[in-house]
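J.: Sequence:
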Amino acid sequence: MSVPPASPARQTRSALALWGERAVELLIRLSGVSAVLFVFGIFLFVFIEGAPLITDLDWSKAIFSPDWYPTSRENVRYGVGAMIIGTLSVTGLAMVIAVPFGLGAAFFVSEFCSGTLRETLKVVIELLAAIPSIVWGFIGLSVVNHLIQRFLPAPVGLNLLNAALLLALMSVPIIVSIGEDALKAVPDSYREAALALGATRWQIAWRVLLPAARNGLLAAVLLGVGRAIGETMAVLMATGHAVNIPTSLFDPIRTLTATIAAELGETAVGSPHYRMLFLIGLMLFTITFAVNLLADLAVRGVRRQ
Numbered sequence: 052m053s054v055p056p057a058s059p060a061r062q063t064r065s066a067l068a069l070w071g072e073r074a075v076e077l078l079i080r081l082s083g084v085s086a087v088l089f090v091f092g093i094f095l096f097v098f099i100e101g102a103p104l105i106t107d108l109d110w111s112k113a114i115f116s117p118d119w120y121p122t123s124r125e126n127v128r129y130g131v132g133a134m135i136i137g138t139l140s141v142t143g144l145a146m147v148i149a150v151p152f153g154l155g156a157a158f159f160v161s162e163f164c165s166g167t168l169r170e171t172l173k174v175v176i177e178l179l180a181a182i183p184s185i186v187w188g189f190i191g192l193s194v195v196n197h198l199i200q201r202f203l204p205a206p207v208g209l210n211l212l213n214a215a216l217l218l219a220l221m222s223v224p225i226i227v228s229i230g231e232d233a234l235k236a237v238p239d240s241y242r243e244a245a246l247a248l249g250a251t252r253w254q255i256a257w258r259v260l261l262p263a264a265r266n267g268l269l270a271a272v273l274l275g276v277g278r279a280i281g282e283t284m285a286v287l288m289a290t291g292h293a294v295n296i297p298t299s300l301f302d303p304i305r306t307l308t309a310t311i312a313a314e315l316g317e318t319a320v321g322s323p324h325y326r327m328l329f330l331i332g333l334m335l336f337t338i339t340f341a342v343n344l345l346a347d348l349a350v351r352g353v354r355r356q
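Numbering-wise (the working numbering), the sequence shown opens with residue 52 and increments by one.
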């Protein structure tokens with residue numbers, strides 16, 4: 052029995068549906084490619100602006116020297132060693148504070164509370180994420196500064212500890228949100244099997260959910276690191292903005308991002324100082340790339356296990 056041919060109207064609708072599907076697929080592909088192109092374009096712009104100084108710079112002194120005197124008339128020095136150490140130290144201390152609180156809050160919100168309490172906590176966490184960085188800077192300048200001077204043996208409240216506390220508070224909402232999503236993605240059958248074996252809620256969280264969601268939890272921590280390492284205004288206002296290699300939690304420091312924000316608007320376009328600030332931007336790109344590369348290697352290692 053032969054099948055009657057499709058009507059012209061149906062053929063037209065099928066052709067339109069096929070073209071629509073191809074158009075959506077092409078749009079998705081362009082969106083993915085555009086993200087790569089935008090990042091490459093930003094990198095290329097920063098590289099072009101800083102490139103004229105690359106060959107004239109003594110890179111060993113620039114990277115390892117703590118001397119930053121870009122406007123000196125007698126002896127110009129572009130040492131960013133102290134700023135690199137300051138950036139890494141404040142980010143590392145912030146993560147030491149933020150990761151336990153962030154992951155703990157993610158476990159609590161996901162597994163140990165329900166109903167109104169869970170919704171209230173989620174709203175509060177989202178409100179923390181919505182606070183602008185300049186407001187966090189004012190909090191560090193006017194509140195945390197005085198608290199550190201009053202309760203801790205610190206001569207100045209604008210220091211490494213102040214900025215680390217602010218960055219930790221700014222990173223916790225990201226860690227909590229992504230961590231909770233990772234925990235919710237674990238199948239309920241894991242929880243039910245553990246309950247059937249007589250495990251407590253703490254044992255389920257520690258021995259079942261943590262190993263099962265470790266990829267997502269690691270991603271949450273790394274997103275928190277990215278949030279902290281790229282912050283500008285809060286660290287500009289809370290660190291003391293002093294070019295200094297920290298030897299304690301109470302030493303003022305300066306970060307790479309804060310240096311660019313504070314000095315770029317006051318330099319002459321095309322001057323060596325101007326070029327050097329763009330090279331600092333390239334250093335930030337390098338540090339971020341290294342963090343992402345280590346994260347990718349860590350996630351792959353966890354998946355193999």
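Source of the hints: derived by calculation from the structure; they are not laboratory data. Treat the hints with caution; some may be incorrect.
Stated by the list, open to error - Label pairs and their computed distance ranges (CB to CB): (1) N343 <-> L77: 43 to 53 Å; (2) V194 <-> E76: 37 to 47 Å; (3) E243 <-> L78: 26 to 36 Å.
Stated by the list, open to error - Cut-off 25 Å, straight-line C-alpha distance, at most; resulting in silico cross-link-like pairs (SDA-like, lysine to any residue): (4) K112 <-> R265; (5) K235 <-> E170; (6) K112 <-> L274; (7) K235 <-> L198; (8) K112 <-> Y325; (9) K235 <-> R265; (10) K173 <-> E162; (11) K112 <-> N295; (12) K112 <-> T298; (13) K235 <-> R169; (14) K235 <-> L246.
Glycine included, C-beta positions come from ideal geometry on N, C-alpha and C.
J.: Taken at face value, is the distance from the CA of T298 to the CA of K112 at most 25 Å?
T.: holds (21 Å)
J.: Does the alpha-carbon distance linking K235 and L198 stay inside the 25 Å limit?
T.: violated (38 Å)
J.: Checking one constraint from the list: CA of K112 to CA of R265, max 25 Å. Satisfied?
T.: Roughly 40 Å separates the two Cα atoms, so the pair is violated.
J.: Do the Cβ positions of E243 and L78 conform to the proposed distance bound of 26 to 36 Å?
T.: Violated: the Cβ-Cβ distance is about 41 Å, outside 26 to 36 Å.
J.: Is K112 close enough to Y325, meaning Cα to Cα at most 25 Å?
T.: holds (18 Å)
J.: What's the verdict on K235 and E170, does the C-alpha distance respect the 25 Å limit or exceed it?
T.: holds (15 Å)
J.: Look at the Cβ atoms of N343 and L77 and judge whether their distance stays inside 43 to 53 Å.
T.: violated (28 Å)
J.: Within 25 Å, alpha carbon to alpha carbon, are K112 and N295?
T.: holds (16 Å)
J.: So if I understand the rule, the pair passes when the alpha-carbon distance is 25 Å or less; does K235 with R265 pass?
T.: holds (12 Å)
J.: Next pair to validate is K235 with L246; report whether the Cα-Cα distance is within 25 Å.
T.: At roughly 17 Å apart (the allowed maximum being 25 Å), L246 and K235 satisfy the hint.
J.: Using the beta carbons of V194 and E76, state whether their distance is inside 37 to 47 Å or not.
T.: Since V194 and E76 have Cβ atoms about 52 Å apart, the given range 37 to 47 Å is violated.
J.: Is the hinted pair K235 and R169 satisfied, with a Cα-Cα distance of at most 25 Å?
T.: Satisfied, since the Cα-Cα distance of roughly 13 Å is no more than 25 Å.
Hints 1, 2, 3, 4, 6 and 7 from the list above are not met by this structure, while the remaining hints are.
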